[in-house]
Amino acid sequence: MRRSTHARRVACVVAALVLAATGCAGAGAGGNGGAVLSSSWADPQNPLEPANTNEVQGGKVLDMIFRGLKRYDPKTGKARDWLARSIETRDSRTFTVRLKNGWIFSNGEKVTARSFVDAWNYGASLRNNQKNAYFFGYIDGYDEVHPQSGRQRADTLSGLKVVDDHTFTVRLNQKFSGFPDTLGYAAFAPLPRAFFTDHAAWVRKPVGNGPYTIESYTKGAQMYLKKWDGYPGPDKARNDGVTLLVYTDSNTAYTDLLAGNLDLADDIPAAQLKNVKSDLGERYLNTPAGIIQTLAFPYYDEAWSRPGAEKVRTGLSMAINRRQITDTIFRGTRTPATDWTSPVLGAAGGYKKGLCGRACAYDPGRARELIEEGGGIPGGRLTVTYNADSGSHRQWVDAVCNSINNALGDDRACVGNPVGTFADFRNQLGGHRMTGPFRAGWQMDYPLIQNFLQPLYYTGASSNDGAWSNEEFDRLVDRANAETDPARSVALFQRAEEVVRDHMAAIPLWYQNGNAGYSERLSHVALNPFSVPVYNEIRVG
Amino acid sequence: MGRHVLRRLLQMIPVFVGATLLIFLMVNVMGDPVAGLCGERACDPATAAQLRREFGLDQPVWRQYLTYMGKVFTGDFGTAFNGQPVTELMATAFPVTVRLTVVAVLFEVVVGVTLGVVTGLRRGRPVDTAVLLATLVVISVPTFVTGLLLQLLLGIKWQWIRPSVRAGGFDELIVPGLVLASVSLAYVTRLTRTSLAENRRSDYVRTAVAKGLPRRRVVTRHLLRNSLIPVVTFIGTDIGALMGGAIVTERIFNIHGVGYQLYQGILRQNSQTVVGFVTVLVLVFLVANLLVDLLYAVLDPRIRHA
Chain A
1 MRRSTHARRV ACVVAALVLA ATGCAGAGAG GNGGAVLSSS WADPQNPLEP
51 ANTNEVQGGK VLDMIFRGLK RYDPKTGKAR DWLARSIETR DSRTFTVRLK
101 NGWIFSNGEK VTARSFVDAW NYGASLRNNQ KNAYFFGYID GYDEVHPQSG
151 RQRADTLSGL KVVDDHTFTV RLNQKFSGFP DTLGYAAFAP LPRAFFTDHA
201 AWVRKPVGNG PYTIESYTKG AQMYLKKWDG YPGPDKARND GVTLLVYTDS
251 NTAYTDLLAG NLDLADDIPA AQLKNVKSDL GERYLNTPAG IIQTLAFPYY
301 DEAWSRPGAE KVRTGLSMAI NRRQITDTIF RGTRTPATDW TSPVLGAAGG
351 YKKGLCGRAC AYDPGRAREL IEEGGGIPGG RLTVTYNADS GSHRQWVDAV
401 CNSINNALGD DRACVGNPVG TFADFRNQLG GHRMTGPFRA GWQMDYPLIQ
451 NFLQPLYYTG ASSNDGAWSN EEFDRLVDRA NAETDPARSV ALFQRAEEVV
501 RDHMAAIPLW YQNGNAGYSE RLSHVALNPF SVPVYNEIRV G
Chain B
1 MGRHVLRRLL QMIPVFVGAT LLIFLMVNVM GDPVAGLCGE RACDPATAAQ
51 LRREFGLDQP VWRQYLTYMG KVFTGDFGTA FNGQPVTELM ATAFPVTVRL
101 TVVAVLFEVV VGVTLGVVTG LRRGRPVDTA VLLATLVVIS VPTFVTGLLL
151 QLLLGIKWQW IRPSVRAGGF DELIVPGLVL ASVSLAYVTR LTRTSLAENR
201 RSDYVRTAVA KGLPRRRVVT RHLLRNSLIP VVTFIGTDIG ALMGGAIVTE
251 RIFNIHGVGY QLYQGILRQN SQTVVGFVTV LVLVFLVANL LVDLLYAVLD
301 PRIRHA
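Residue numbers (UniProt numbering), protein chains in the order written: chain A, 1 to 541; chain B, 1 to 306.
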């Protein structure tokens, strides 16, 4: 008798626990059915605002729900007018933007000049903590809205003026002929009034003007994007929708793809690269993306900025067997770099194959000579710093060091120096605490040669982590930006790139491809130059 | 009994304060959380400074700790970098992990204790040797190997389960729960076996047998009650360990629970998430330990007076 009541009590406790646990679960499944595809995703790092999203995962969504003045051709990367009817300038400084008629947000509101001007003012304002604020740094009045230090002195950019419903003007604080081509970047997207009037609600469920609308969003789990039937653009979605599923690990996504539970995985884990061809065959994509990996140097360190050090750097570059590393470690998902840009730019856009010349060709004998002529490796030993928390940085850094050690005939010439997290790595870079070369990956914001050079090598530029400075380079970049003729501008940028080469400001390693795999249900799958799937083109079934 | 409970409750306070302070210091040692926020590039100094101010990171650590603890008591765990309140993250993460832990503990109790009893009563027989060997294998193979192997075999080769977890219901969590429980399960088996084998030779069991009690009653009422004390301790402390240690299992099976949030938090150096989740985990540990101590007192009245 006593025993049975006791047992019942235990059962009740267990049941209560179970109920409590199930009761709180709020993960609702997104509406599927029809020609909806599922795609792997990772939690965006920041709230989904156009000017606040600077990583691929959030960018993926913005690319589906927003269309801007320009759009980068998914195949060629060329910037084409989209919402813009024309963007005109006479002096490369003041631009008149005219909008096409008939564009609306998915909530029915018209896209007007004000939708852009308000959005850009919001993005630039220091008060709003937007991580892409510096994109508006070319616009006149940025210093007032977003000062380097102290309080902000204005709420709006003085360089932006609404002329009428479909026209506005932009005045820049310097000549920049490439400016219109930057406007395809998500940070320049227009925003509806709802963004400003009920910001919290908007962030929970963003409203844009792209081919998809967000139907449901469970943070950290999944987002269901539905085809927007009223979309006025020419690039309507060819499927009924996309469910983005958050995966904790790209290996699991890949496993799910193989098991038939997932339609599209756009990040093939490095460990699976050797199987992917046999697993997926034709359904594996490996296409160039606007990403380049380099080794940068700490020029704030006397040892690396002294005269003659450029010979050491060039020697190091020649000691790296790029072909072997990309073949064995990356299995052809990287291409040895021969310049400092990316093949996705195309020859007309500024990519110049072989610009690096002999300095990027593997030549251990010459490498040894050059390093000796340059006075040897500073401190006698090279440490290559990288973050070990993502990608396969450890493998390739070890391989690069191995290659250098072999070339120099010294087992201890080069060692990797892993840093636990990316944040800590960034922290050390920002604190100028490097004593040797460090990993410097660069993913383009927009397909312009300017974007591969200026932010990285211009004096004091935002991503010039090594603090490299060269007057000639700066002068050439200024001239290239001021040049109105695109071909001449590109030629000047390439001359600036030659300065980078002659000083070996950073060692180019390889161009990175985008990788994806998809299920048999899908067709017309492609990756754009930003290595993001072109969702609206995908057909299901 | 009341005094015993009260004393245990009071003991929890310094432990809680000390543990949270430690984790707070450790997270701060990791470096500036704002540094990694802006992708491959450095955050522009003005925005970074403002973010630091908003998250209170420009204050001295002791001040940050005090403000933080003050807020925690009102249920405010701060905001994660993606703009989500940490409590919201917890509300989605903890239920899943609690369910996973329940599954794991059930495996430990049901399978572990049963195997332990069976082997403990049959020492030296083939069953005993076989289970001992099996536990040895389970203990020596790392969780991620077991997990990936089961995922590959059951998920892809035989298609019995989905290789990844979607909603996180109990049915989906059976295999991940087994993986999570595997090592502890082996320990529970061994612990029960040893403890049982030891007590079988004790005087009170001999007396019970001599009294002519039926074998079942001897085993359940006399033998098990005493033999399970170390097992209860182990399982009790293991609850906290399972919740905190689910990082590997949750990653493999795509479970969006506590382990996943902690992993993300550490990776992105999101101190609010990490400190918040660890604080709750510390509480879970403390409560689990308290329950163990109370259960002790129920199982063995002598402990109450100690």
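Keep in mind that the hints were calculated from the coordinates and are not lab data. A quick note: this is a predicted structure, and the numbers were derived from the prediction, not measured. Beta carbons are placed, not taken as given, at the ideal position from N, Cα and C, and that holds for glycine. Among the clues, some could well be false.
[As the list claims (entries may be wrong)] Within a straight-line C-alpha distance of at most 25 Å, the following computed DSS-like cross-link-like pairs (lysine-lysine) qualify:
1) A/K161 to A/K100
2) B/K211 to A/K219
3) A/K75 to A/K205
4) A/K75 to A/K311
5) A/K78 to A/K311
6) B/K157 to A/K274
7) A/K274 to A/K100
8) B/K71 to A/K277
9) A/K205 to A/K175
[Stated by the list, open to error] Per the computed footprint, the stretches of chain A lying under chain B, defined by three or more beta-carbons under 8 Å from a beta-carbon of chain B, are:
10) 40-51
11) 172-181
12) 275-282
13) 326-340
14) 402-412
Okay, the hints, checked on the actual structure:
1. With a C-alpha separation of about 18 Å, the suggested pairing of A/K161 with A/K100 holds against the 25 Å cut-off.
2. For the hint pairing B/K211 with A/K219, the CA-to-CA distance comes to about 64 Å; that exceeds 25 Å, so the pair is violated.
3. This hinted pair does not check out: A/K75 and A/K205 have alpha carbons roughly 30 Å apart, beyond 25 Å.
4. Simply put, A/K75 and A/K311 have alpha-carbon atoms about 39 Å apart, too far for the 25 Å limit, and the pair is violated.
5. Proximity of A/K78 to A/K311 is assessed by CA-CA distance (about 37 Å); at most 25 Å being required, the pair is judged violated.
6. Taken as a hint, the B/K157 and A/K274 pair is honoured in the structure, with Cα atoms around 19 Å apart against an allowance of 25 Å.
7. Note on A/K274 and A/K100: the hinted pairing is violated, with a Cα-Cα distance of about 48 Å set against a maximum of 25 Å.
8. With a C-alpha separation of about 53 Å, the suggested pairing of B/K71 with A/K277 is violated against the 25 Å cut-off.
9. Between the alpha carbons of A/K205 and A/K175 the distance comes to roughly 38 Å, so the proposed pair goes past 25 Å and is violated.
10. Figure legend: the region 40-51 of chain A, annotated as covered by chain B; annotation consistent (5 residues with Cβ-Cβ distances under 8 Å, at least 3 required).
11. Residues of the region 172-181 of chain A with a Cβ under 8 Å from some Cβ of chain B number 0, which does not satisfy the need for three, so the listed coverage is violated.
12. Counting residues of the region 275-282 of chain A whose CB falls under 8 Å from any CB of chain B gives 0; the rule of at least 3 is not met.
13. Remark: the region 326-340 of chain A is not confirmed as covered by chain B, as 0 of its residues place a Cβ nearer than 8 Å to a Cβ of that chain, below the required three.
14. With a cut-off of 8 Å between beta carbons, the region 402-412 of chain A has 0 residues touching chain B; three or more are needed, and the interface restraint is violated.
In the structure shown, a violation is registered for the earlier hints numbered 2, 3, 4, 5, 7, 8, 9, 11, 12, 13, 14, in ascending order.
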